[in-house]
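*Asks:* Chains as they are written, first to last, in my numbering: chain A, 23 to 615; chain B, 3 to 256; chain C, 2 to 250.
Heads up, some of the hints might be wrong.
[Claimed, not checked] A short, non-exhaustive set of chain B residues, derived as facing chain C with CB atoms under 10 Å:
{"no.": "1", "residue": "Y23"}
{"no.": "2", "residue": "A41"}
{"no.": "3", "residue": "E44"}
{"no.": "4", "residue": "A47"}
{"no.": "5", "residue": "H48"}
{"no.": "6", "residue": "N49"}
{"no.": "7", "residue": "T52"}
{"no.": "8", "residue": "E124"}
{"no.": "9", "residue": "N191"}
{"no.": "10", "residue": "K206"}
{"no.": "11", "residue": "Y211"}
{"no.": "12", "residue": "D252"}
{"no.": "13", "residue": "R254"}
[To be verified] Simulated crosslink set (SDA-like; lysine to any residue; CA at most 25 Å straight-line):
{"no.": "14", "chain 1": "A", "residue 1": "K143", "chain 2": "C", "residue 2": "A45"}
{"no.": "15", "chain 1": "B", "residue 1": "K206", "chain 2": "C", "residue 2": "D133"}
{"no.": "16", "chain 1": "A", "residue 1": "K348", "chain 2": "B", "residue 2": "S251"}
{"no.": "17", "chain 1": "C", "residue 1": "K241", "chain 2": "B", "residue 2": "K206"}
{"no.": "18", "chain 1": "A", "residue 1": "K212", "chain 2": "C", "residue 2": "D133"}
{"no.": "19", "chain 1": "A", "residue 1": "K143", "chain 2": "C", "residue 2": "V123"}
{"no.": "20", "chain 1": "B", "residue 1": "K206", "chain 2": "C", "residue 2": "F130"}
{"no.": "21", "chain 1": "C", "residue 1": "K75", "chain 2": "A", "residue 2": "P58"}
{"no.": "22", "chain 1": "A", "residue 1": "K143", "chain 2": "B", "residue 2": "K197"}
{"no.": "23", "chain 1": "C", "residue 1": "K113", "chain 2": "A", "residue 2": "G211"}
{"no.": "24", "chain 1": "A", "residue 1": "K233", "chain 2": "C", "residue 2": "S24"}
{"no.": "25", "chain 1": "A", "residue 1": "K143", "chain 2": "B", "residue 2": "G194"}
{"no.": "26", "chain 1": "B", "residue 1": "K206", "chain 2": "A", "residue 2": "F346"}
{"no.": "27", "chain 1": "C", "residue 1": "K75", "chain 2": "A", "residue 2": "W239"}
{"no.": "28", "chain 1": "C", "residue 1": "K160", "chain 2": "A", "residue 2": "I464"}
{"no.": "29", "chain 1": "C", "residue 1": "K160", "chain 2": "B", "residue 2": "Y137"}
{"no.": "30", "chain 1": "A", "residue 1": "K191", "chain 2": "A", "residue 2": "V588"}
{"no.": "31", "chain 1": "B", "residue 1": "K197", "chain 2": "A", "residue 2": "K191"}
{"no.": "32", "chain 1": "B", "residue 1": "K206", "chain 2": "A", "residue 2": "G353"}
Keep in mind that the hints were calculated from the coordinates and are not lab data. From a predicted model like this one, the values you see are computed outputs, not experimental measurements. Idealized CB from N, CA, C, for every residue including glycine.
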Amino acid sequence: MAAQELATLESHQYDVLVIGSGGAGLRAAVQAAAVPGVSVGIIGKSLLGKAHTVMAEGGVAASLGNLDQWDGWETHFYDTMRSGHFINNYRIVEVFAKEAAERVLELEEWGAVFDRTPDGKIMQRPFGAHTFRRLAHIGDRTGMELLRTLQYKAISQNIDVFQEVTVTKLFRDENGAVSGALAYYRATGKFVLFRAKAVVLATGGWGKLYKVTSNSWESTGDGAALAFRIGAELMDMEMVQFHPTGMVWPPGVRGLLVTEGVRGEGGLLYNSEGERFMLTYDPERKELSSRDVVARSIYKEVQAGRGTPHGGAWLDITHRGPEFIKRKLPGMYEQYLTLADVDITKEKFEVAPTCHYTMGGVRVEPETCATNIPGLFAAGEVACGLHGANRLGGNSLADLLVFGRRAGDGALAYIQGRDDVADVPGSEIEAEMQRVLRPFSISQGENPYQIHEDLQEIMSNHAGIVRDQGMLEEGLAKLLELKERAQNMAITGSQVYNPGWHAVFDVQSMLTIAELIFRGALARKESRGAHWRTDYPDELPEMGQWNFVQDLDGDAVRVREVAVPVMPQELAQLFERGMAPGVYASQQQAKEK
Amino acid sequence: MAQPVQAAVEGRKQAEKHLPYWVEPAFTIVALGGFVIYAIWEVLAHNNGTYHNYVSPFFSPGVAGWFGIHVLTALYVVWVPFIFRFSCYYYRKEYFRGFFFHPAGCAVSEPASHKNKRYTGERRFPFNLNNLHRYAWYLAVIVLIFLWKDTVQAFIFKNGFGVGLGSIILLINAVLLTGYTFSCHAFRNMIGGRKDCFSCANGKPSTGYKWWRRVSVWNQFHGAWAWASLFSVWAADLYIRLLISGVFSDPRLF
Amino acid sequence: MSEEIVLSIYRGDADGGQEVEYSVPLTPGMVVLDAVHQVQAHQAQDLAVRWNCKAAHCGSCSAEINGRPKLLCKTRLDDYVGQTVHILPMQTFPIIKDLVSDVSWNYEVAKKIPAFKPATAVPFRMQQFDVDRVQEFHHCIECFLCQDVCHVLRDHDAKDEYFGPRFMVKIAEYEMHPREGGDRIPLLAHEAGLNMCNVTKCCTEVCPQHIRITDNAIIPLKERVADQYWDPLRALFRRKKESPTNQSV
């Protein structure tokens with residue numbers, strides 16, 4: 023079957039190939055295609071404009087200073103480093119904080135329509151652990167606006183868009199540089215080969231590893247797994263963010279995101295005894311503490327028996343009044359009304375932590391987003407280094423704009439002077455085709471949906487919001503067992519739009535990633551940010567010096583400690599005053615007066 | 003928690019119920035069709051629509067009289083409200099659904115006979131004339147001015163100010179027709195809708211914006227205004243017709 | 002857990018097919034998409050359905066449930082207790098398989114619309130009340146249910162004459178943007194086929210985002226087209242106004 027398909031294989035050739043058509047991918051493609059003569063292709067696992075970016079609700083963080091004049095890149099830098107518990111790559115954060123505002127304005131130029139301040143500028147809302155009001159937003163559907171804007175920007179340019187295409191393998195040429203990808207059309211099951219001078223990975227995270235998650239089906243870590251299998255270095259894999267507020271009830275919507283915007287706009291958290299417990303856990307920042315802290319607080323309240331009927335906390339925003347809520351949080355209002363029969367303008371509602379974001383990912387260079395594999399770039403959630411141990415709300419949307427653009431530029435710089443596109447040997451293609459088609463030839467094998475369910479069970483129980491050595495070791499053992507079973511996944515039906523078949527590759531990616539989460543979590547013997555170990559409950563300074571980098575050593579996973587880059591003096595001094603740079607500057611000025 | 007959820011589900015289920023799709027077109031056929039038949043009868047069979055100080059909306063203003071014409075006098079006026087309503091965005095929905103089955107209901111297949119005919123929507127004659135709705139509106143406003151004159155006159159009896167049942171009916175009719183006329187989509191465009199920026203002059207809401215906002219609110223109920231004013235015209239005319247034919251006399255309330 | 006509900010799901014492809022019945026256990030708050038997933042995981046692995054977010058943000062899971070165009074993820078199953086739930090793919094577009102239809106035509110149309118072209122440089126100064134009107138259009142999730150229900154496309158298959166409601170909303174979004182410098186009125190009057198629409202409002206009825214497509218996008222655009230093409234009085238005024246500028250150029 024494979025040999026026959028090889029003879030008639032559809033093939034495309036691009037200067038820059040972008041894998042992933044979410045925000046980061048589109049931004050990278052837009053950047054690359056802006057240069058005349060550069061051919062750009064973009065591949066998405068879904069239809070264009072459906073990527074997980076649409077799920078981002080609260081806003082995009084950028085120190086525009088439209089409401090708080092003291093905000094600036096230094097304070098954004100300060101907030102991001104602090105929330106990341108200082109295992110972020112300082113240079114990535116610096117680039118990010120400096121460029122975010124420009125990227126947001128660029129969106130406005132391309133047609134995004136943000137909410138406005140009374141004097142007509144872009145409105146910014148407060149968010150957890152941001153010192154100032156910083157999140158530019160459009161109600162509670164900022165991600166959708168951002169994605170739609172980039173989508174229409176992209177189609178107005180000369181970019182070839184491949185929708186509903188799954189990439190199953192990346193290829194490297196004899197020099198070790200990336201040379202292309204093999205993929206198949208989900209609609210027809212036909213294979214398609216992409217050869218490219220440079221490849222940008224923008225495939226997002228892997229939240230679907232967990233049962234209770236705010237992520238869409240796409241977040242299966244394909245890009246990270248594809249890159250890992252050809253030798254890329256992955257970092258901080260133990261860092262999985264649990265968003266404090268996901269829906270709890272009814273079961274069908276468990277995990278669905280409740281935007282942090284609810285708390286940003288004044289929502290308050292209560293336990294079953296009517297106590298505003300965040301006052302105890304973080305008296306300073308209260309409900310708007312960082313996500314790791316709030317999620318853990320809710321978890322602790324539920325463990326202490328003060329949870330709501332379905333095991334969460336109460337979130338209450340009724341005091342802001344129906345008109346305000348419907349205007350500022352229309353999506354949340356509608357979501358609760360239709361899916362949970364709860365009118366959030368009249369009653370409090372249940373929320374509980376849900377898997378939301380993966381801080382870890384492919385290790386990249388700050389300036390160009392280049393990975394350790396020549397010609398391979400990564401941006402967005404699949405990349406690593408910006409968020410450290412905990413991501414701030416709103417930073418992911420800014421991340422994909424800033425680094426989507428930088429990855430596009432990085433790829434452009436890389437292809438300079440490279441005239442030829444390397445060939446991919448037919449034997450490699452055929453071998454991959456055979457691997458992809460194998461599940462059709464197995465009878466009486468494992469059901470991929472079942473493997474996925476079992477995997478989620480393992481991850482939720484053994485590598486969830488709370489961890490310890492025994493729990494992790496047991497989980498890893500179970501996982502390795504499951505991996506064996508997964509060798510034997512079988513499916514029925516044809517190659518035409520067959521979700522069972524598609525699930526096989528999603529599951530394979532997730533299994534690859536799951537092991538790295540366990541190994542990273544076992545290596546980090548401390549609690550830091552989102553990584554909470556009951557056997558090492560404290561943040562340990564000696565651990566804070568390291569990122570855990572994993573790559574393949576033959577067939578085995580190798581875990582290495584790599585030193586966290588040390589900030590130069592001019593950045594380090596921002597943290598010496600014990601307060602945010604913007605706050606310090608405003609106090610200095612007040613004193614002078 | 004379990005119980006309130008259940009209760010809410012019950013409440014929501016009732017809200018979800020849909021009427022069968024044919025109810026709306028059937029209502030249109032009966033109501034609109036009935037009115038048109040009544041109007042034809044009224045126009046063709048009568049030359050007078052005045053009873054003391056009451057004037058039927060079918061016969062106002064008395065254009066025919068200005069030119070000394072005394073037959074089919076309503077004909078010289080009713081064409082204005084007719085083209086206004088025919089080109090109205092709301093009635094277009096109703097008659098395309100009710101009379102033309104284009105379509106009869108949402109996701110309801112059109113009749114097989116449509117398959118062989120080329121559909122051109124509102125691109126061809128006569129439906130492209132619907133684009134002139136604004137001109138129909140200008141004329142309708144003129145008629146409306148006379149209607150208010152008639153309404154004032156309906157409160158002035160031989161012995162001075164008074165209120166009869168007819169005065170009330172004509173007043174209600176004038177109010178509903180005003181609501182209908184000024185919730186018009188074309189008017190909404192004229193009054194400010196065609197502007198893209200409402201604050202560009204000085205950063206403050208322009209007068210056009212304030213009007214546009216107000217008209218937009220009324221416009222949401224344009225369909226309701228349309229039906230209500232149709233029935234009020236019908237009722238007002240029928241009432242005066244019955245007074246003229248002496249079926250009963252107008253009760254004076256005040 | 003005990004209650005079961007019967008789904009009758011279309012199984013087939015371009016060569017035809019028929020509805021197949023599946024029975025799934027009803028759990029509280031279950032939506033139709035959950036039930037379809039149940040079937041997929043336990044009874045028919047290869048049942049094709051398109052979905053992403055399961056939160057009515059992405060607009061992937063459009064289908065027709067008991068004859069009404071709806072999002073599978075937003076339709077509660079307990080609305081149908083005691084009935085068989087018939088689930089069909091969108092009828093206006095060619096079928097790929099089962100509940101998945103080929104919506105690529107929409108993406109082709111999208112390319113024909115000239116991109117946003119601001120008349121002034123960013124950052125813009127616009128008031129919230131200026132942008133309220135266009136923000137409504139930005140709610141669109143591109144589920145294409147309006148395209149599906151539009152009889153111009155559905156019954157008359159006039160896809161080469163009319164862009165469909167979704168793209169009227171898109172054009173309105175650009176045209177009514179306070180800072181837009183481009184002009185898409187000629188496009189609307191001709192290629193986009195605005196007047197193929199006879200304002201029967203089904204697009205508005207099915208819109209899961211409650212965008213008032215007809216009243217707020219299509220009709221105002223029709224009025225703008227009339228401003229330019231059907232209003233001799235305005236044309237006269239315009240000519241008078243424009244002539245001095247024309248001379249100076």
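*Asks:* With reference to the structure, classify each hint as holding or not holding.
*Replies:* Quick rundown of the hints versus the structure:
no.	hint	result
1	Y23	holds (9 Å)
2	A41	violated (23 Å)
3	E44	violated (29 Å)
4	A47	violated (34 Å)
5	H48	violated (34 Å)
6	N49	violated (35 Å)
7	T52	violated (34 Å)
8	E124	holds (4 Å)
9	N191	holds (4 Å)
10	K206	holds (8 Å)
11	Y211	holds (7 Å)
12	D252	violated (40 Å)
13	R254	violated (43 Å)
14	K143(A) with A45(C)	violated (52 Å)
15	K206(B) with D133(C)	holds (15 Å)
16	K348(A) with S251(B)	violated (54 Å)
17	K241(C) with K206(B)	violated (29 Å)
18	K212(A) with D133(C)	violated (45 Å)
19	K143(A) with V123(C)	holds (10 Å)
20	K206(B) with F130(C)	holds (10 Å)
21	K75(C) with P58(A)	violated (43 Å)
22	K143(A) with K197(B)	holds (20 Å)
23	K113(C) with G211(A)	violated (29 Å)
24	K233(A) with S24(C)	holds (24 Å)
25	K143(A) with G194(B)	holds (23 Å)
26	K206(B) with F346(A)	holds (22 Å)
27	K75(C) with W239(A)	holds (17 Å)
28	K160(C) with I464(A)	violated (44 Å)
29	K160(C) with Y137(B)	violated (32 Å)
30	K191(A) with V588(A)	violated (36 Å)
31	K197(B) with K191(A)	violated (53 Å)
32	K206(B) with G353(A)	violated (29 Å)
Comparing the model with each earlier hint shows violations of hints 2, 3, 4, 5, 6, 7, 12, 13, 14, 16, 17, 18, 21, 23, 28, 29, 30, 31, 32; every other hint is respected.
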